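Taken in sequence, the protein lines are chains A, B and C.
Numbers given in the working numbering equal positions in the first sequence, counted from 1, plus 5.
Numbers given in the working numbering equal positions in the second sequence, counted from 1, plus 5.
Numbering follows the working numbering, in which position 178 of the third sequence is assigned residue number 159; successive positions increment by one, without gaps.
Check the hints yourself; a few may be wrong.
EDC-like mimics (lysine to aspartate or glutamate), calculated; alpha carbons at most 20 Å apart, straight line [unchecked claim]:
id : chain 1 : residue 1 : chain 2 : residue 2
1  : A       : 128       : B       : 13
2  : B       : 145       : C       : 182
3  : A       : 145       : B       : 34
What follows is a list of derived Cβ distance ranges for each label pair [to be verified]:
id : chain 1 : residue 1 : chain 2 : residue 2 : range
4  : B       : 18        : C       : 183       : 54 to 64 Å
5  : A       : 70        : B       : 140       : 54 to 64 Å
6  : B       : 204       : C       : 157       : 38 to 48 Å
7  : B       : 110       : C       : 189       : 13 to 23 Å
8  : B       : 108       : C       : 201       : 28 to 38 Å
9  : C       : 183       : A       : 70        : 48 to 58 Å
Source of the hints: derived by calculation from the structure; they are not laboratory data.
Keep in mind that this is a model prediction, so the values were computed, not measured.
Heads up, the beta-carbon is just placed ideally off N, CA and C, and yes, glycines get one too.
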Amino acid sequence: MDVRPTSEYTESERRLHQIVEALIFAAADPLPPKRIAEVVHEVRGQAPELGAIEDAVKRLNERYAAGQHGVQIERWAGGFRMTTAHAVAPYLKAFRTQRHQRSLSRSLMETLAVVAYRQPTTKPEVDYVRGVDAGYALRKLMGLDLIDVVGRSDAIGRPLLYGTTEEFLVAFGLDTADDLPDLRSIEELLDDPAFDEERAELMLLRELPVQQRPSDGPDPSANGVAAADGPPQTDEDAGPDEATGKAA
Amino acid sequence: MDVRPTSEYTESERRLHQIVEALIFAAADPLPPKRIAEVVHEVRGQAPELGAIEDAVKRLNERYAAGQHGVQIERWAGGFRMTTAHAVAPYLKAFRTQRHQRSLSRSLMETLAVVAYRQPTTKPEVDYVRGVDAGYALRKLMGLDLIDVVGRSDAIGRPLLYGTTEEFLVAFGLDTADDLPDLRSIEELLDDPAFDEERAELMLLRELPVQQRPSDGPDPSANGVAAADGPPQTDEDAGPDEATGKAA
Amino acid sequence: MATYRVELDQFEGPLDLLLFFIRRDELDIYDIPISQITHEFLSYVRLMEEIDLDGVGDFIYMASILIGIKAQMLLPQPESTDDGTPIDPRRELVERLLEYVRYKEAAAELETRHDRRHELFTRPEKTAHDALQTDGAPRLTNATVFRLISSLRSLLTSEAIAEDPAHTVDRVHYSVDEAREAIRLRLRQTERFSFVEALRDEPRGKIIAHFLAVLEMVRQGAIVILEPPSRTKFFVARPDTDHLS
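Assemble the whole structure, with the sequences as input and the hints as a guide.
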């Protein structure tokens, strides 16, 4: 069931696959290909090409998939890590009942998203994007080792710069922060029919038929005044700096 | 190259092999077949025969051997344990020099913080700030390449001066020591009412009265004016030495 | 217009609440009826104040922005750009709202990713370390600037600092007898332990006392020393310990 029979590889290649598999299995952290090359060099006096190591991992994953194995190799934070396969997740969850993965609250997740996409970024920027004081959320995320102070900005007052950590990459299954899916552009957002319609599931809102709202509803007289219509701008490139500059 | 092609097994058998492999891989200790049966029972409502689990392990080992894999399953203390294959033992031995995970103890972290903020600084100064003998912690930090001797003080006895290293910057993800948060940022970062900025300034930035210490604590007139408030320096080109020189 | 009871704590902030109004009433984001929305917004802020919800300050701040926009829109002569095009006072708010939506989406995406990632299980750390008996320079797991700074907190908030260093740097005397007792006690609880691990971060005097105690106890046959590959580290064990285990 293998994609290609093992015999199509040279003995030397097969041996490298075996070594790569064993080392990734045994490592306590995501194992960088460079480290594997070093180990091989230490034993053989000659290091394999990094490309050959990448190939070995690819080949191993092909074999795991074809052979319906319970493990696989992921690439996280620049290194290789052996994990169980998605298909058997329910069994692993039943097995590891004690270790419940704590999920992040929505405000932490939003703050983390802002830091991850705008990094390095400052607290005023994060405050501005979310419209709330981010101090608590930032401290909380730092306590979870998901973000850290990565330096100080050259701007006036030299505010602290925040960025994501390796721990973040591993927790979210990313190789590098560049692997985050692109943010949707404003245009895409506006073209999405769902935007103007119900998007309650995104907002996680529970809307219930009313009991009395505290206000008496809209003030109809106001609408007429707001005449200036038409989109003032659609510049999707309006970057973080510009936005925050305004806020400051 | 498998002993028998995977297709000779029923889907249900193949699925069990997958589960058994994943559970043994992820277990912290040798995993008894009974425990595997329990987990499967919990998810499916029906437990497999223990014999089927033994078969699964046998089959997995056949496949590991035939496919020249880097891992295998051993039976230890009544349970199954995944280990690396004998053939790759030399590589695993070479890999043992892998940097193992270690976190800095509180006392080391405190000492490191004092050196980072007071650098270049002497042992008596660090002793004074921490209130305990820092000799062990300093040696330990030097052993970890986080701090190093950077010179000798002109003070009586010409004590050694300590400062942080490149390795420190790498470990903490900073470009220069100047990227460390300044006092104002620290206060904001911690948001702790008990954090006393004056005291912090005194401890971290001013010359400490260690050598011939006046009886009632530091003399603010000596250098208090210079320390004023805000960051010790705003010159972004100032290296660590210069920065601390100014502050002291 | 339908009315809804909104669970206030479901909102992550004022932008979230504004978005809710816009979506609920299917408003054109580029033509927000600012007066209506300000009015609604304010009634929620009042409610928040009443039930004393956290973060009400952020909502009040947004309310002031809304009122400011409303006032500007009532002015006969709106501000204009250099080329004379009038600037919609709502523009910045709209930009912020759209930007915020992007990050909300990203957060939802991250959450999915997080859930999916945690369906993958790795070997427990303990196991991985067992397999390796690692050596060499350790990789620091808690080397974050935040932790470094947090450690300053304890230093700078402790009362001990102001004391005379001549008194705080007391030398404590460690006796070999005490060390021997400590080792005995330890071996009653565990079959063996790593000498280095046990005394990591301990004062030099204590380590020396323990080392002398170990030498003495080995000679008496009260303990044995197990030597793993690294010669600088050794395990202290009960005499009956299986050396290979």
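Results for each hint:
{"no.": "1", "hint": "A:128 to B:13", "in the structure": "60 Å, violated"}
{"no.": "2", "hint": "B:145 to C:182", "in the structure": "8 Å, holds"}
{"no.": "3", "hint": "A:145 to B:34", "in the structure": "33 Å, violated"}
{"no.": "4", "hint": "B:18 to C:183: 54 to 64 Å", "in the structure": "55 Å, holds"}
{"no.": "5", "hint": "A:70 to B:140: 54 to 64 Å", "in the structure": "56 Å, holds"}
{"no.": "6", "hint": "B:204 to C:157: 38 to 48 Å", "in the structure": "40 Å, holds"}
{"no.": "7", "hint": "B:110 to C:189: 13 to 23 Å", "in the structure": "20 Å, holds"}
{"no.": "8", "hint": "B:108 to C:201: 28 to 38 Å", "in the structure": "36 Å, holds"}
{"no.": "9", "hint": "C:183 to A:70: 48 to 58 Å", "in the structure": "51 Å, holds"}
Violated hints for the displayed structure, listed by number in ascending order: 1, 3.
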